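**Q** What follows is each chain in one-letter form.
Number of protein chains: 2
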Amino acid sequence: MTQKQTYIESWLDETHEGVRYGLEGKVLVEEKSSFQKITIFDSKRYGKSLLLDNCWMTAELQEKHYHECLVHPALCSAEKISKVLIIGGGDGGTAKECLKYKEVEEIHLVEIDNRVIELSKKYLPNIGGQAWRDSRVQITIQDGISWVSNAKDNSYDIILIDGSDPKGPAKGLFNKRFFQNCKRILKRGGVFATQSESPEAFRKIHIDTIKTIRTVFDFADPLYGSVPMYPSGWWSWTFAALDKERYKQPILQRATEINKSCEIWNTRWQKAAFGAMPTFIEKALKNEQ
Amino acid sequence: MTQKQTYIESWLDETHEGVRYGLEGKVLVEEKSSFQKITIFDSKRYGKSLLLDNCWMTAELQEKHYHECLVHPALCSAEKISKVLIIGGGDGGTAKECLKYKEVEEIHLVEIDNRVIELSKKYLPNIGGQAWRDSRVQITIQDGISWVSNAKDNSYDIILIDGSDPKGPAKGLFNKRFFQNCKRILKRGGVFATQSESPEAFRKIHIDTIKTIRTVFDFADPLYGSVPMYPSGWWSWTFAALDKERYKQPILQRATEINKSCEIWNTRWQKAAFGAMPTFIEKALKNEQ
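Residue numbers (this note's numbering), protein chains in the order written: chain S, 1 to 289; chain C, 1001 to 1289.
No lab work stands behind these hints, which were simulated from the structure alone.
Here the structure is a predicted model, which means the values were calculated and not measured.
Where a beta carbon is used, it is the ideal one built from N, C-alpha and C, also for glycine.
It cannot be assumed that every hint is accurate.
Unchecked claim - Sample of chain S residues at the chain C side, in silico, Cβ under 7 Å:
(1) Glu17
(2) Gly18
(3) Gly22
(4) Glu24
(5) Glu200
(6) Lys204
(7) Phe219
(8) Asn266
(9) Arg268
(10) Ala272
(11) Ala276
(12) Pro278
(13) Thr279
(14) Phe280
Please model the entire structure based on the sequences and the hints provided.
**A** In structure tokens:
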């Protein structure tokens, strides 16, 4: 019985609607920032990991499942990729993937919570990696919503929304006005991308997000993949563009170079991931369900 | 504190290598059969569910994620589908999906553990549904390994392996001799399919299973999908054939009819799911990793 109790005490779970996903390990840091509760957890299975408001965000040995899917379909397909905006992304993983492209000249990383960056740098340095040292990355601690509303028209080639679930500080990253500003500041030939939740665990948010983005952008489609530590493990990212479905057409030269360092993503996988919408989402988007 | 304790006591978890997936609810039945521990659990999120040896097998509101993916790529593509063999599948879900095809004349369901069938019929009647009443289904309580070794050459159009992880009674469903017998008893123009574990949580077993099946069958490929209640949520099924990659070519007339009743599967989704192999598995199959 003693052994069993020790065991139970060493689990940390994210709980969502009668389902929980837990990792075994120990809490290294738990603090309240001005915006949220931040936890750094050392897990046996996936190494050091980050939780915000008790939700798993990333882990050293699972971050590629998320970051590769958000970044490469966008950066492999936009006409130019010299100027990149990242909203959120305080763990640095999205910026690190962007830096793999020599054509990227400037990354504006706009994170609301300085403590997420400080703790990620200290405890999860490999997730951000080069992002914390490369002079192309300019970090601003600011609300991403005000950043996009103040930014100039046609100022970015790439906009990546790397936020958490639509509650707390990330709530405003899912509404129409925010997407309209993203469209306004995106250059023609550019690509917008956002994580768009789970088709299973966040079915309604997922559907509403795609529908809203489609009312703003002329071209927008979700891509489906797997992030085991997120609710249901089944995840999505939605890509949008102004001129055509260009996010479905990776530029071969860029893709060949990037593919070498990827664990999940490649152009075959990407094509499949865009095709993998399940029937129940397809029907819902057509208002048949 | 009292409330917290009640909460903790109402979770049932499957634990695998430092990760756990739990559902909130209550245990209805827990017993030891001659082969395994069987648990029937009433979960808030997915309705009544089945566990074998503490591993989630299926649930009323999640069974389609698994059964549609195992059954339809096979039954939509085989030349004939009059005679079907199911090894395992004691919850009845695989048989139920097969019965949607009018061309199916005979289903041999060979399950090793009678108690799985009895408890599924009693507590999860909707998962098996018509399978427990349709005269086309012939149930035999027997080890599936001995069944395939005793069956006549060229006797089935479809063989579906619907077993659990390769330990306990399901261990022999993953070895070369078993697959060789499946090939022997499969008609030319037929399709063989098996669940082939998670590319993430059971990476080595997944890779070894594909490699072994490929040494036996001339054509074999994995398909990737999502079963949230299984370890990592990222799951696979491997399909094989004797004459060509026919499991990639659904017969349109059959598919159109079946698509109406599916939640996940459709021909677009299937094509994508066959294309969704991540880079780390592709490399491992080429022995590059």
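**Q** Run every hint past the structure and note whether it holds.
**A** Here is what the structure says about each hint:
no.: 1; hint: Glu17; verdict: holds, 6 Å
no.: 2; hint: Gly18; verdict: holds, 4 Å
no.: 3; hint: Gly22; verdict: holds, 4 Å
no.: 4; hint: Glu24; verdict: holds, 4 Å
no.: 5; hint: Glu200; verdict: holds, 6 Å
no.: 6; hint: Lys204; verdict: violated, 15 Å
no.: 7; hint: Phe219; verdict: violated, 18 Å
no.: 8; hint: Asn266; verdict: holds, 5 Å
no.: 9; hint: Arg268; verdict: holds, 6 Å
no.: 10; hint: Ala272; verdict: holds, 3 Å
no.: 11; hint: Ala276; verdict: holds, 4 Å
no.: 12; hint: Pro278; verdict: holds, 4 Å
no.: 13; hint: Thr279; verdict: holds, 5 Å
no.: 14; hint: Phe280; verdict: holds, 5 Å
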